[in-house]
Structure formats: structure tokens, C-alpha cells
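Asks: Sequence:
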Amino acid sequence: MVRSCWRRTACAVLMVAAAAMTAAAAAQTPVQPPAQASASDQPSRLPARDVAVIYRINGVGMEGAHKVQITYTSRGERSRVDYFRWMEAKYPFLGIIFNRPADQLVTVMPERRAYVVRNIGKLGNPAELLKNDLRFAREGEAKVAELDCTDWKYRLSNTNDDLGTACITDEGLLLRLTSAKSKDFSLTATVVSFGSPPDSIFQPPPDFTRQKELR
1 MVRSCWRRTA CAVLMVAAAA MTAAAAAQTP VQPPAQASAS DQPSRLPARD
51 VAVIYRINGV GMEGAHKVQI TYTSRGERSR VDYFRWMEAK YPFLGIIFNR
101 PADQLVTVMP ERRAYVVRNI GKLGNPAELL KNDLRFAREG EAKVAELDCT
151 DWKYRLSNTN DDLGTACITD EGLLLRLTSA KSKDFSLTAT VVSFGSPPDS
201 IFQPPPDFTR QKELR
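For the sequence shown, the positions run 1 to 215 when the working numbering is used.
Incorrect hints may appear among the rest.
Pairs of lysine to aspartate or glutamate, DMTMM-like flavour, derived with a Cα cap of 25 Å [to be verified]:
(1) Lys67 - Asp151
(2) Lys143 - Glu111
(3) Lys67 - Glu111
(4) Lys131 - Asp161
Label pairs and their computed distance ranges (CB to CB) [what the hints assert, rightly or not]:
(5) Gln104 - Asp207: 16 to 24 Å
(6) Gly124 - Asn58: 18 to 26 Å
(7) Gly140 - Arg118: 39 to 47 Å
(8) Gly140 - Ala48: 16 to 24 Å
Source of the hints: derived by calculation from the structure; they are not laboratory data.
Even glycine gets a Cβ: it sits at the ideal position worked out from N, Cα and C.
Start from the sequences and build out the full structure, keeping to the hints where you can.
Replies: Put into C-alpha cells, the structure is as follows:
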């Protein structure tokens, strides 16, 4: 149960557009894509500054998560993703800590007071919501959570099907994500707090039990 929850949450919960991306990848041979922005005019995928962001999730149950908090430091080399069942919740039901320098991916299960540690290996950063196989086309400017950002249409690199729109600041902070395949879905920043987080949030609580595997 927890294994299934973690896999779906870490890989797809934050980006329901992943389902749309899979469908696009399996589509018929794509048409020749139109001219797009040069590599130097593409958005950064991870924030340049240390920051914590609270997002509201609309349109999808996502294992009961309606709020997610993502904390970034060292340009995403360390990050933490916490999932909450509703916007008013103060405590997460699931947390994922990504620590590349230590080669650790830690899944924290507060309701079970337990955690599991794995090597990162080839696993991706769960806080990097926009993956490397996407390409972007600039749409316009917007303001989300009192911050300026640029709207980018995004699609898989080998297709011409729009998957949605991502509003990203010049520093690489994602503020809003929508899906062209699921009109009701959105991931929107509501609170953005810049500053270095305490090192303790990148460690599981000392009174939690370490388990050998997710189960």
C-alpha cells in the first residue's frame, strides 16, 4: 500500500501531466514542430535560490493530497517534498527527502512514524517537476503568489502536442502548472518563502523507526 502510494506520488502526483505526456509519446508520428525558443531561451528547471513553496493542488485526488510543500536548497541538490491531505493540514502524511551529495532518497511516513532510505542511483529528483525530455515555447507574462513569472507551453521533445503550461520565474521557480489533457488540474503556488532551510528538515525525525523497505 505504502509502496504504491510512494511510487505514484513521487513520480506522478506533482505532475498529473505525466499521464498526458505518456499518451503523447505513444501517439502517431508527430508533425514537424514549429520554430521554438533557442536553448539559451529555455526556463531553468530548479530554483537558483533556497526557497520553500506551498502549492495548492486542484482537480485530482492524488492519494488524498490537496497541498504540497517543496523545499529547495543548493540549487535543488537537496530538496524535500511534503504531501498534505487538505490545505488546512499542518502535518504531512508523506515526505520525500532528496539528498544528492549523500546519495540518499528518504521516504518519511509520519503516520507510521517510520522511514526508508534508498540510494538515489538513477532515480530522479522528485522536486524537479519539469523533466529533461520537455521543450518549451514562450507564451507570455503572469503573476502568481505576488511574483512575476513567464508562461511556457511545454511538450515532449519528440512530439508537437502541447501538454500544458508552466509559469516559471527567471530564477527557475515553478509557480503554476496546468495540463492541456486535464482541464481541471492545476498546481498553484500560494506561499513562497525565500531563505536557507534548517539542515534538520533533510533528515528523518530521530524518533522514527528506519525500515528496510517500503511496504
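Asks: Next, verify each hint and record whether it holds.
Replies: Results for each hint:
Distance hint between Lys67 and Asp151 is fulfilled; the C-alpha atoms sit about 22 Å from each other, no more than 25 Å. Distance hint between Lys143 and Glu111 is unfulfilled; the C-alpha atoms sit about 36 Å from each other, more than 25 Å. Between the alpha carbons of Lys67 and Glu111 the distance comes to roughly 17 Å, so the proposed pair stays at or under 25 Å and holds. Using a Cα cut-off of 25 Å, the hinted pair Lys131 and Asp161 holds, with the two alpha carbons roughly 16 Å apart.
Between Gln104 and Asp207 the Cβ separation comes to about 19 Å, which falls inside the hinted range of 16 to 24 Å. Hint check: Gly124 to Asn58, Cβ distance near 24 Å, so the stated range 18 to 26 Å holds. The given range of 39 to 47 Å is respected by Gly140 and Arg118, whose C-beta atoms sit roughly 40 Å from each other. Range check, Gly140 to Ala48: about 22 Å between beta-carbon atoms, so the 16 to 24 Å window is met.
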